[in-house]
Amino acid sequence: GPKVLQIPSHQIIDMGQMVTLNCDPVSNHLYFYWYKQILGQQMEFLVNFYNGKVMEKSKLFKDQFSVERPDGSYFTLKIQPTALEDSAVYFCASSLVGGQAPLFGEGTRLSVL
Amino acid sequence: GQQVQQSPSSLVLQEGENAELQCNFSSTATQLQWFYQSPGGSLVSLLSNPSGTKHTGRLTSTTVTKERRSSLHISSSQTTDSGTYLCAISSGGSNYKLTFGKGTLLTVTP
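Those protein sequences? They're chains A and B, same order as listed.
Under the working numbering, the first residue of the first sequence is numbered 1110, with each subsequent residue one higher.
Under the working numbering, the first residue of the second sequence is numbered 214, with each subsequent residue one higher.
Any given hint could be a false lead.
What the hints assert, rightly or not - Computed list of lysine-lysine pairs in DSS-like fashion (alpha-carbon distance at most 25 Å, straight line):
| # | chain 1 | residue 1 | chain 2 | residue 2 |
| --- | --- | --- | --- | --- |
| 1 | A | K1187 | A | K1112 |
| 2 | A | K1112 | A | K1166 |
| 3 | A | K1187 | A | K1168 |
| 4 | A | K1112 | B | K267 |
| 5 | B | K315 | B | K267 |
| 6 | A | K1187 | A | K1166 |
| 7 | B | K315 | A | K1166 |
| 8 | A | K1171 | A | K1187 |
| 9 | A | K1168 | B | K315 |
| 10 | B | K279 | B | K267 |
| 11 | B | K315 | B | K279 |
| 12 | A | K1171 | B | K315 |
Stated by the list, open to error - Output of the computed footprint for chain A on chain B, the stretches with three or more beta carbons under 8 Å from beta carbons of chain A:
| # | stretch |
| --- | --- |
| 13 | 240-248 |
| 14 | 253-267 |
Unchecked claim - Computed beta-carbon distance windows for the label pairs:
| # | chain 1 | residue 1 | chain 2 | residue 2 | range |
| --- | --- | --- | --- | --- | --- |
| 15 | A | S1167 | B | L318 | 22 to 32 Å |
| 16 | A | G1161 | B | S222 | 35 to 45 Å |
| 17 | B | S223 | A | K1171 | 28 to 38 Å |
Just so you know, the hints here were simulated from the structure itself, not pulled from any lab data.
Cβ coordinates follow ideal geometry from the N, Cα and C atoms, glycine included.
Start from the sequences, fold in the hints, and give me the full structure.
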């Protein structure tokens, strides 16, 4: 069946560096999401994105975070600069329509040292 | 904001036993999903069940919307069912923002 792919599965970077997490959503999907899960804690909504724009973001979506999907390619989450508290697993999800249950990727584990 | 409470927080079963997981939520849910999160962290959607009863394989979910609760029944548990089961709700709108519970950690022993 259709899948949401996340690349890479694990990323290790030094604090203060920039990181870009890539998500390859299902090809005909129009709504995109990022969620964050700190180890051992609850999954939390970060942001959703439709028609080239951020629709809603949570308080976890700091000013250092940005999302884009240039020309229908990867849906990306960029963090610049990174902080220690950004260490977490980031999950991407996509759906065809807004009211539909989204399909989740397997996550990218980000370790900020 | 919305709250999702799951119980029990952990559950240990012997292979072959049945599991009953509960999810209670604080506001009306237009969408409700059950997920399985493996020990490695990857997430799989099990069922989308905003109301009524749904079955898939050994899983049965029953959601009573008016009472703001849902259950997930796993029959004849297997060791491979071990992992964390997450309940998540959305209160509607086109943004479909999911609020997750903390999960139930299920351990199935041989």
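Holds or violated: B/K279 and B/K267, Cα atoms, limit 25 Å.
holds (17 Å)
25 Å limit on alpha-carbon distance, applied to hinted pair A/K1187 and A/K1112
Roughly 22 Å between the alpha carbons, so the hint for A/K1187 and A/K1112 holds.
Counting residues of the stretch 240-248 of chain B whose CB is closer than 8 Å to a CB in chain A, do you get three or more?
holds (count 4)
Compare the distance between the alpha carbons of A/K1171 and A/K1187 with 25 Å, and conclude whether the hinted pair is satisfied.
holds (11 Å)
Could you tell me whether the CB distance from A/G1161 to B/S222 stays inside 35 to 45 Å?
Holds, since A/G1161 and B/S222 (Cβ atoms, about 41 Å apart) stay within the stated range.
Do the alpha carbons of B/K315 and B/K267 lie within 25 Å of each other, as the hint requires?
With a Cα-Cα distance of about 22 Å, the restraint between B/K315 and B/K267 holds, given a limit of 25 Å.
Run the distance test for B/K315 versus A/K1166: straight-line Cα separation, threshold 25 Å.
holds (21 Å)
Between B/S223 and A/K1171, does the beta-carbon spacing fit 28 to 38 Å?
holds (32 Å)
Hinted pair, alpha-carbon criterion (25 Å max): A/K1187, A/K1168. Please report holds or violated.
Satisfied, since the Cα-Cα distance of roughly 16 Å is no more than 25 Å.
For the pair supplied as a hint, A/K1171 and B/K315, confirm whether the alpha-carbon distance does not exceed 25 Å.
The given pair, whose Cα atoms are some 23 Å apart, holds under the 25 Å limit.
Run the distance test for B/K315 versus B/K279: straight-line Cα separation, threshold 25 Å.
holds (22 Å)
Does the alpha-carbon distance linking A/K1112 and B/K267 stay inside the 25 Å limit?
Cα-Cα ~23 Å, so holds.
The structure agrees with every numbered hint stated previously.
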